[in-house]
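Undergrad: Residue numbers (my numbering), protein chains in the order written: chain F, 1 to 168; chain S, 1001 to 1577; chain X, 2001 to 2164; chain V, 3001 to 3298.
Just so you know, these hints were derived from the structure itself, not from any lab. Hints may be right or wrong, so weigh each one.
[Said to hold, decoys possible] Simulated DEER-style distance windows between Cβ atoms:
id: 1; chain 1: F; residue 1: E24; chain 2: S; residue 2: D1152; range: 55 to 61 Å
id: 2; chain 1: V; residue 1: A3285; chain 2: F; residue 2: V8; range: 26 to 32 Å
id: 3; chain 1: S; residue 1: I1344; chain 2: F; residue 2: L67; range: 43 to 49 Å
id: 4; chain 1: F; residue 1: L67; chain 2: S; residue 2: N1346; range: 38 to 44 Å
Here the structure is a predicted model, which is why all the values come from computation and not from measurement. Virtual Cβ for every residue (Gly too), placed ideally from N, Cα, C.
Here are the chains, one letter per residue:
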Amino acid sequence: MKFLKLFVVAKKAGTVTRKYPFEEPLITEEFRGEIKIDPEKCVGCGACTLICPPSALTMRDEGNVRLIRYFVGRCIFCGMCAEVCPTNAITITKEFELATLDIDDLLRDLLHKRVKCRICGRPFLTTKLIKYANKDIPGSDNYADVCPECRSKLSIKNILKYRGDLDV
Amino acid sequence: MKNNDVKTLAKGSDKAVDMVLKLLKEKLSKYNVRISRAVANNLIVDVSRRHLRDVAKIVHNELGAYVRTCVGCDERNKNGCFAVYHIFGLDDYGVNVIVRTLAPANDVKVPSIADIAPGADWCELEFRDLLGINVTGRPVYRLILPEDWPDDLHPLRKDVPYGVRPPPVKREEVTLTELESPGIPVGPYHPALHEPEYFELYVEGETIIDVRYRGFHIHRGIEKLGESKLTYKQIPFIAERICGICGFCHSTCYVMAVEKAAKIEVPERAEFIRAIVLEIERIHSHLLWLGVACHLLGYDAGFMHTWRIREAIMKLAEYLTGSRKTYGINIIGGVRKDINKEKIQNVLKTLDHIEREVKELLDMMLSVPEVKRRLTGTGILTRGEARKLSVVGPVARASGLNRDVRKDYPYLAYKYVSFKVPVYTEGDNLSRTLVRVEEIFESISIIRQLLDRLPSGDIKVEKYEIEPDKVSTASVEAPRGEDIHFLITGKGRPYRWKVRAPTYQNIPALRPMLREQMLADAPITIASIDPCFSCTDRVIVIETRNGKVVSVKRINIVKLSRRRWPQNEVSKALRSS
Amino acid sequence: MSKVNIDSAVKALRKSIWVFHLNSGSCNGCDIEVLDALTPFFDVERFGIKLVASPRHADVMLFTGPVTREVLPKVIKALRAMPRPRMVLAIGSCAVGGGIWYDSYSVIGGFPKLKKILMEEGIIIDRVAFVPGCPARPEAIIYGILVLLGVMKPKSKKEVVTIE
Amino acid sequence: MLYVSLQIAFIILTTLIVPILDGIERKIKAKLHSRIGPPILQTWYDIRKLFAKELVLTRTAFPILLVSLVMVGLCILTLLVIPAGSSWTFFSSMSLPLLIVLIASIHSLIIITSIVSDNLYAIIGGFRELTIGIINEIALIIALVLTLINVGLGYSDSQITTGIKVSYISAVILLAISSYVASGRIPFDLGEAEPELASGVLIELSGPVLGTVLYSIILKRFIFASITALALFLPFMRLLNPLLAFILFILLIIAVWIVHAVTAVLLGRSRVDIATRTLICVYIALISLSTIFIGVGL
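The shape of chain F in the complex, shown without the other chains (with noise of 0.2 Å):
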């Protein structure tokens, strides 16, 4: 007869429903929701989209834009990329009523601009990056603007000028 005890056990718990969304949600304060990148401090460098397990967060170039996206979709809120952000620009909220009839709503884009090369005129880096190396990186200003590839033959070119095997 020890199966009449429900009447006992329900009587203790009383009714335990979380009347949400009329009522705050079961959330801690460890929880881990959606991210935020702070367009200030982002610099697109792409550390992140490096680190993301399910590549929620891409990193495409066209033309002279850099374009982060991060898909909420498809996120798996890991943190991992706050925790390799060197700006700091990723921080978790605890968002987690992100849901839509729209999945394109689902997108946070980012649009860096980019530097053209001096030299070959490409684009390359975008510009907050290479601010952001010439704080870190002093003296580099010089090759700041031109892109790797251009960089490499411009030292050569310069290397071979200083040996004065090259007529220039």
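Please arrange chains S, X and V on chain F, whose structure you already have, making use of the hints.
TA: Positioned in the frame of chain F, the structure of chains S, X and V alone reads:
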């Protein structure tokens, strides 16, 4: 070797490995084998194809090793061969014996050992499907890949690029005729299974006479993904998503395998935190199972109340790790989140609360007449069958096999705590329930001990190097049993990564369990192994007929029912009354 | 069905929503959260939501998983068996965007890709709501259903920020 | 005239309140589960929605719709035979066989619904219902007869005896058990057993057809609650004013319904062989007890 020596031996220690090495050398002296030590508690036995069966016989039957799994590997770019690794576990010593056989690329076949060690049945078919290594001396059929998958394309071969996706072929569906077809898709979608899996139960009246399992609906190609796209650091997160219930076991298992291979010294504090989270996961999983079992027995009050109590554990998990499920705190070299004093206090408080509530609830639940009657004596798995199939976890422990990875292959911080491994001998659904129930309380006590002894220090090491070509294994006692990851390191990512989830080893045991049972008990019996198909299927699926669980044609069933039932049932009932 | 018809049909459902749970190869994480939403702490039955055992009875399909190759024909069958208006709640990263395995060899890659295949098969899906989360927590699922039924306005909007 | 109008009121009231009673049952269940549960009118909303849904005409939907409509009709007829708390006027010696025939046909119709279907689950469910049904129907009929013998199988009001005897109590217990079983609740809802049969007999139905069948099932539950209530109420019925008796009778039915609802929450689902065995034991014991009691005149 005397039994006493074995008992006092520290399992998995260097001494134990040396003892096994000596033992193997002695036993295998007639055969041309090379025995070498690999990392940690692993021994590699290189054997030619000719002697594979003899060696397997000795290791499995004479030394009493359990089949842990077998792995195929495409090593053509290393030595021009395909390799097959049969992993045996000597529970008494805590040592793995990895039997390696090579099959040259122009003659890709190995002899089967499934008749010697039935536990190897599936994994042989698995490497046949995924790597195209033929197995001789046994019936073969496609197990893992979809039916429309081309015959000559083996996705885990290294020359098959990651992105390959042959277009789905419109299958000639073997539909039943208008009269026979129910017209409604039921199984693989069936309320008793929360995942798409397919059991064909052949029934006579209401008694099951045979079972056919068609699984691997959830094959997502995780191993290929790990070997060709992701990096070492990203894999813990995908490993966690092998299974949404026991995911942390998988990620722990993976990081442990890498750490062993790379000889990374993980800080003790991290080992404690991992063990704590593993036990929290076990409590949540067992409570979840208990609830589902109640639901399957039609006792919804039990379901609701166990899940109500479980909610506190879910909250606790989120509080400690940041996510309710798929915690995401495991990384190679340690963990990402620390536990502070305040958290310890809260955990202890929640545990006290849960312990009290679960006790009260179980008292009530197991006294419900229908629950008790339908659990007792149903779905029996004898000790002999259990040993033969090398079953793991609560299923093994309910059938009288004292197997627990936490004791047999000590890992993480389990060596610092004392706990009991519940073992029952009846092998029925009730024993499997009781094993899990007792484990809930053991886990609570383990967490308390671990929190009490939590050492201070770092929680991760950042600097490490992973050398390629190291063979390593790691195993974790998941809520459902032994989870084992096999790893060969490569450059930047694993060269071969194989996951063997506990359910993989337990599903074949369903056949003896379901036979001669009532149809009504099939759901609870299937559930009693706590199947986790997404674990099992990491790689796979098959099935021709559209889902129907009971695949006896309508006409037959009506006939059968008329002949055998209800008259039969009624007369039986009358007789017994 | 025209748009107006769907809207009114959806409105009629607001007080009684029967759901069928369709797992297309998910890891179980979302599935246990779906079950969790039924249990005392969240208790979706207070909205009149009931889990049914047959797609024939269903008003809303709770769709989880990235659609593996093997389940594809079965998923199509289950969706076909559902009476109109067919409403789908795609739950979790896998169902919304294909998850980690979105481009693996045995995965179709989430509901949006499945929808295209369904169109070819002539199966019309009247309305879909996407619920991100890995796994989506029970509250997120409740929120998703309310969005699907038009009770709540979705908060998420596409964001495009241009940085100089 | 009063009796006729009361009987009509009874039928109208019943058809309207059964969805609400089901809603109350769900609310009670939820409370015992420690949750809020659906609104009281939920079953009403469900049925209303089902009638608004698309009618998917499978091959068997039409016959099932017909059968379920007949079933609702039969249920209403049965309600006509149950005296609404007033007198034996409608419950003459002819009423008893009529009641038995009606109950039996309601059950066989449910079984027909499932056997007409192509679905295996529905067929297995149907056979389960049949097994339980055969045993239970016999017990139910014997219980009805025994109860009436105890209260004095009467042709008119005057023949109803009022004293309570031991044999009466055991007969009422038998009737209470068999009508609970007949109401198709856990542990005896084997035909719809969700875990193995995916709603069994109901699996193939949808929209308005499902709505009708669900409605007839709750009507059936009401009928069996009222049979138990009737057996409890018969000895006192004559003593009361018809209107008061009517109200008390309705309240008693609701009380029986609530007892049924609570019992269902406390138990788990049985299995067809266990259920038949248990029921046969219990029934044989109770029937022989009642017969002995009547024999010795207790």
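Undergrad: Which constraints among the numbered hints does this structure fail? Numbers only, ascending.
TA: none
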